[in-house]
Amino acid sequence: MFGFQEHYRNYPHRPPRREKEERAGEESHFWRFFRRYVLPHKWVLMLCLFLISVNACSTYLMSFYGRLVVDTILVVRTTETTTESDTELHSVHERDRNPTELPSTSQGHRMDMGLSFTDRPPEAGHKLFVLALFYMGTQITLNFLARMATRSQIIVAQGITGNLREDMHRKVMELDLAYHQAHSPGRLLSRILSDVQVLQDQMVGTMTSLVRCTMLIVVGVTILLCTNWRMGLIVFGLLPLYILVVNQARPKIQHLTRELRHTNSCLWGLTSQKLESIKAIQAYGREHAEQLNYRRLISTFLRDALTQQRVSATMGRTMGIITAGGQVGTFLLGAKWVLDGKMTLGEMLFVRNTALTLFGPVVELSSLNILFSNLQVVLQRVVDVLDHPVKIVDAPDAVDFPIPVAKGVDVRHVSFAYPASEPDGEEEPVLRDVTFSVPAGTWLCVMGASGSGKSTLVNLLARLHEPKSGQILFDGVDLRKLRMTDLRRHIGLVPQEAQIFSGTVRDNICYGVPGAEPNEIMAAAKAAELHDFILTMKVQYETLIGQRGQSLSGGQRQRLSLARALITNPEVLILDDCTSALDANTEGKIQDTLARILVGKTAIIVSQRVSMAKRCHHICVLEDGTVSEFGTHNQLVGSGGFYARLHSQQTE
Amino acid sequence: MPPQPSGSFTRMLPFVRPYRARLFGLFGLTVMLSVLVMLPPLVMRSVINDVLTDGQREKFLGLAICMIMLPLLSSFLGYLQTLGIAFVGQRFVYDIRVSLYKHLLRLSQRYFHRNSTGKIVNRLMGDSGTVQQMVTAQSINIISDLVCAAFAISATFLISWRLAILLCIIVTVFVVNYRMTIGRIRVATKGARTAGDRMSGGVQNRLIGNVAVKSFGAEERENLVFHDHSTATLGLGKQAALASNAFSMNTQLIQSLGQSTIYFLGCALVLVGDIQYGDVVAFSAYAVQLLGPAVRFSELVRQLQNVSIATDRLFEIFGEDPEVDTATDAIDAERLTGEVEFQNVSFYYEEGNPVIKEFSLHVKAGQTIALIGPTGCGKSTILSLILRFYDVTGGALLMDGINIRDLDLHCLRRQFGIVLQEPLLFNVSIYENIRYGRPEASREEIIAAATVAEIHSFIETLPDGYNTIVGDSGVELSVGQKQRITIARAVAADPAILIMDEATSSLDSDSEQAIQRAMDRVLVNRTCFVVAHRLSTIRNADQIILLDGGLIAEKGNHQELMALPHGRYRELYEKHMGAGVIHDGEEE
Ligand SMILES: Nc1ncnc2c1ncn2[C@@H]1O[C@H](COP(=O)(O)OP(=O)(O)OP(=O)(O)O)[C@@H](O)[C@H]1O
Ligand SMILES: Nc1ncnc2c1ncn2[C@@H]1O[C@H](COP(=O)(O)OP(=O)(O)OP(=O)(O)O)[C@@H](O)[C@H]1O
Ligand SMILES: [Mg+2]
Ligand SMILES: [Mg+2]
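Taken in sequence, the protein lines are chains A and B.
Yeah, the first sequence ends on 652 if you go by my numbering, and it's all consecutive.
Yeah, the second sequence ends on 1588 if you go by my numbering, and it's all consecutive.
In case anyone wonders, no lab produced these hints; they're calculated from the structure.
Some hints could be false.
As the list claims (entries may be wrong) - Here are the simulated DSBU-like cross-link-like pairs (lysine-lysine), alpha carbons at most 30 Å apart as the crow flies:
#: 1; chain 1: B; residue 1: K1102; chain 2: B; residue 2: K1190
#: 2; chain 1: B; residue 1: K1357; chain 2: A; residue 2: K589
#: 3; chain 1: B; residue 1: K1555; chain 2: A; residue 2: K589
#: 4; chain 1: A; residue 1: K526; chain 2: B; residue 2: K1575
#: 5; chain 1: A; residue 1: K407; chain 2: A; residue 2: K468
#: 6; chain 1: A; residue 1: K42; chain 2: A; residue 2: K171
#: 7; chain 1: A; residue 1: K279; chain 2: B; residue 2: K1364
#: 8; chain 1: B; residue 1: K1575; chain 2: A; residue 2: K601
#: 9; chain 1: A; residue 1: K407; chain 2: A; residue 2: K391
#: 10; chain 1: B; residue 1: K1102; chain 2: A; residue 2: K279
#: 11; chain 1: A; residue 1: K481; chain 2: A; residue 2: K468
#: 12; chain 1: A; residue 1: K589; chain 2: B; residue 2: K1575
#: 13; chain 1: B; residue 1: K1059; chain 2: A; residue 2: K336
#: 14; chain 1: A; residue 1: K171; chain 2: B; residue 2: K1119
Stated by the list, open to error - Incomplete in silico selection of chain A near chain B, CB under 7 Å:
#: 15; residue: N143
#: 16; residue: G162
#: 17; residue: E166
#: 18; residue: Y511
#: 19; residue: Q547
#: 20; residue: G555
#: 21; residue: Q608
Quick reminder that beta carbons are idealized off the backbone N, C-alpha and C, glycines included.
Could you build all of it, start to finish, from the sequences and the hints given here?
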């Protein structure tokens, strides 16, 4: 009944889902989530659930109470007035009929039955009047309680979202570079924002309606069994049918939900990636092709969404038929019993009404079941991030970074490979048995062909990746034994591709030292040869730069990134080819300044330029991940290797 | 009760129009459904009245069949309705998203500099989803509610005009409640959305710059910033949610009190002898039909608020016109020769801060032009102008004697193969990346281009070769490798004009020279603009332009410039290329 045609989903930009579908203890992460995020709000939540239960039960109470009023006050009056006129008798029948004519929500409203200003026995009219007042009072009270309940529900939901979102963010910040390289910003964004939003929208609502429905069903069934057990059993017998239908539909809906959420995050990834490269798209006039890419993904989304809705509509229809069958069945059976004289009309109507109220929560509960499994899919995606092991963490016995660096940096037999793209693929080593040392206070220039592993080495030194084997020692202390915050405070890394934040120039420069003094900021900018340019802008250091620094020229971005590292006054400076976009004059000036301010500091500088290498004490040439040459400028120039060739090419 | 500024909804009309036939069908279906829903009580009434009370047993069977058929029919129609709504709703968002994306791709660079991608994506994916609610079940319910309400109102006036007036007063109270709260809800919702924008922009920023975040150990600080943003967003969201909660609670209160009031007064009227008790009962029933929808409507209000805000945010993007666009009477030429002329071109990004001043240059087809100059002097800007990422603010730029404003934009850009200063790659295979500029290129041409760019042999060493996926914007490659792939991409595009903005800045001299030699062959019969800081790469250019402060400082070929006695080019060249480069004295 719930079958559907699987369709093709493996379009470009939509890699197959990676997350494991069946985890051992699928249930458990729900409970973990529950403990971690929901339990702290238990008091508010309990209040909320209490109020909701009161509200839920009051429906029965009111209708039962209304029944009492009709039976005692009105019946008494009927017997009094029967003899008076037939019309009165008629009106009583009408009254008895009322509940059926109105939707179940209004049952409670009938109990006053009006007629409070009558010339009938004073105590009855008086009673009715008091009851009417009491009734309105109850309505106001209930409204007040419901208000409290929904308010606290909103507050709890917001609290949970806040905590969850911050934890996600914290975790994502903690995760290592490798994770970030494997997960595009757009897709992570969709998890932090979009998935958490879904949880916020549905989590607490689902929980409270779960409680409300359960409450309604339990109380309703009890009432039903007490009043008329045969009718109760019939209603009860229908429940397995619901479960059957839901269980059939659920796996399909869950599967589709998974695909949908995945497509959704791929769409976020695709669009943010493409919009960031809009220049290339427009320059090659590929707007049409990109529209096609987008359209393919979003059609996948559309198809899945439609199928999902069809399956749930089919489910809804089937359940609607069962419900209708149940309602009609009970009514007709009751009617037959009344005809046969086995039951009074009042009793039959009451039972029917109760049964009617009961079907609502049952249907709601079954759709909750689906909602719940969708929530689980979303939760799974959230938990996937939260549970991802952070590989690079502080050792328990971590020590401070040695200041000042006395012995220097030692790299011993370091090898490294990036994880293979397929889980069982072969890892191609990028660095092989790299060994060298940089004595404190000296500069090392790392050179080598493009792709030889220079940036990788630099990332290892900043502990952005962890070596597969071998050690990196700062003053004899293993890098892994250094406290990470301390390590990163004392080494200044300027990555090869400048990363500029949207914000002001000043914010960008003092990123590493939030409270830096203006003169420090200016000193750093001057050292990076950026000060003069900044002064040409209208608001100078307060100039806003857009995302990725797109309103700056390439060289300006690099210098900004350099200034950012220089302001922290690092013990060990690591520069990854960060002057490649500069003209020789500016570069020369920066080199002069660096030589002046870095006296006595240790530096590891990746560069393609001989002019830089000549300023360094040692030069290390990487070739295919191994150290092929190491020595001073004079030693290497004569050796006839890579460096000598480079030297002759750049100086002729 | 018109949902707030109807403007945002009328703007939706073009997107709704294609589905109007289906929508009318849906409306018809809904009307039928609401009538069907109102029938069972009538049937039940006659069962009670005629069969149970009056004992007309012969009617029982017919009525029973009726009772069974009605729910079956309505659940089938309901199924159709749900499917219809799902279809129209999803298609509708699909259309909006597709055309929004199409529009975005047309927008000019300046727009993307002003707006972060996080923010744009949030609108494209988030807000458009909200708009879908406009055509979901809830809003279709309006129709059925309106039908019921119309039915109910006319019925109430027939039964008792006095009670009907009371009912109208109660409905007015609803409207007052709506009017009083709606402004607050709207402000709060809008605020929450804006705060959400800031939050997502911030996260995006941090995800993109995660190396910087890590290398400065700024994770904790960023967490705090996020905490602030998230708290602000949640606070505003809470205000909005609480306001709409108060609204719907008020509505419910009005409803329940209103119903009891009607009932009481109705009974009073019965006592006075004005109306019959049966009328009160019927009247109450219809009051429920009228007030119930009013409550539901209050739920809708919240959604419609969201929808109208989301619509505003979407149409803000639709309202952006591309700054650079094809003129209506644009010329569409197949292939240009590559002759470029700058006539007194001047340009500024921000008024009052000129970047290019009175730039004049004539480039003959097939020439190689080198742009050099200190960083930030406007080299990349000139290249952007040729590509017409921006329109010149003064003077004119001609290609083959045609002002580029008069050329079809696609036709113009088809002429170029570009290597931008920052290598932009897509997360597809290397092969697809190289083929990006000319999808119809054959495999041999791709490999030839890769060979020119000195990247072929590296690609061959990869386990998946040309099918290697390069990761998001090419993270799985080194910077030099990315640059070489973009060079291959430009070469594979087989352009009339090649633009290379510091294309080899991250490469070692070996590869650089090899690429240059190969390029010499590629450049036959092509115009080429190169920007380079390493003077060795541009020595053979036909014209070398030394820019400074937006002005041409020197112009000529290598020999001419070297012949200038105190030329800056000559000075630069001697300082950095000649023997003078060995500053022995400065060594540490
Ligand atoms: N995240 C990654 N995943 C897989 N492979 C990678 C990744 N980053 C780099 N590589 C590969 O590792 C090798 C070394 O890369 P690395 O970035 O260290 O080179 P490099 O010496 O810095 O080159 P360049 O001078 O071009 O910057 C390259 O072949 C590259 O393709
Ligand atoms: N989108 C923009 N908005 C505002 N100003 C900009 C924008 N892009 C560049 N600029 C400014 O215009 C000037 C010229 O920039 P351009 O990118 O053309 O320099 P460039 O010569 O290419 O420098 P580099 O060699 O460093 O790449 C710079 O001062 C830069 O700050
Ligand atoms: Mg590198
Ligand atoms: Mg530039």
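Going through the hints against the structure:
no., hint, in the structure
1, B/K1102 to B/K1190, "holds (26 Å)"
2, B/K1357 to A/K589, "holds (27 Å)"
3, B/K1555 to A/K589, "holds (25 Å)"
4, A/K526 to B/K1575, "holds (23 Å)"
5, A/K407 to A/K468, "holds (24 Å)"
6, A/K42 to A/K171, "holds (25 Å)"
7, A/K279 to B/K1364, "holds (26 Å)"
8, B/K1575 to A/K601, "holds (28 Å)"
9, A/K407 to A/K391, "holds (28 Å)"
10, B/K1102 to A/K279, "holds (15 Å)"
11, A/K481 to A/K468, "holds (16 Å)"
12, A/K589 to B/K1575, "holds (13 Å)"
13, B/K1059 to A/K336, "holds (13 Å)"
14, A/K171 to B/K1119, "holds (22 Å)"
15, N143, "holds (5 Å)"
16, G162, "holds (5 Å)"
17, E166, "holds (6 Å)"
18, Y511, "holds (6 Å)"
19, Q547, "holds (4 Å)"
20, G555, "holds (3 Å)"
21, Q608, "holds (5 Å)"
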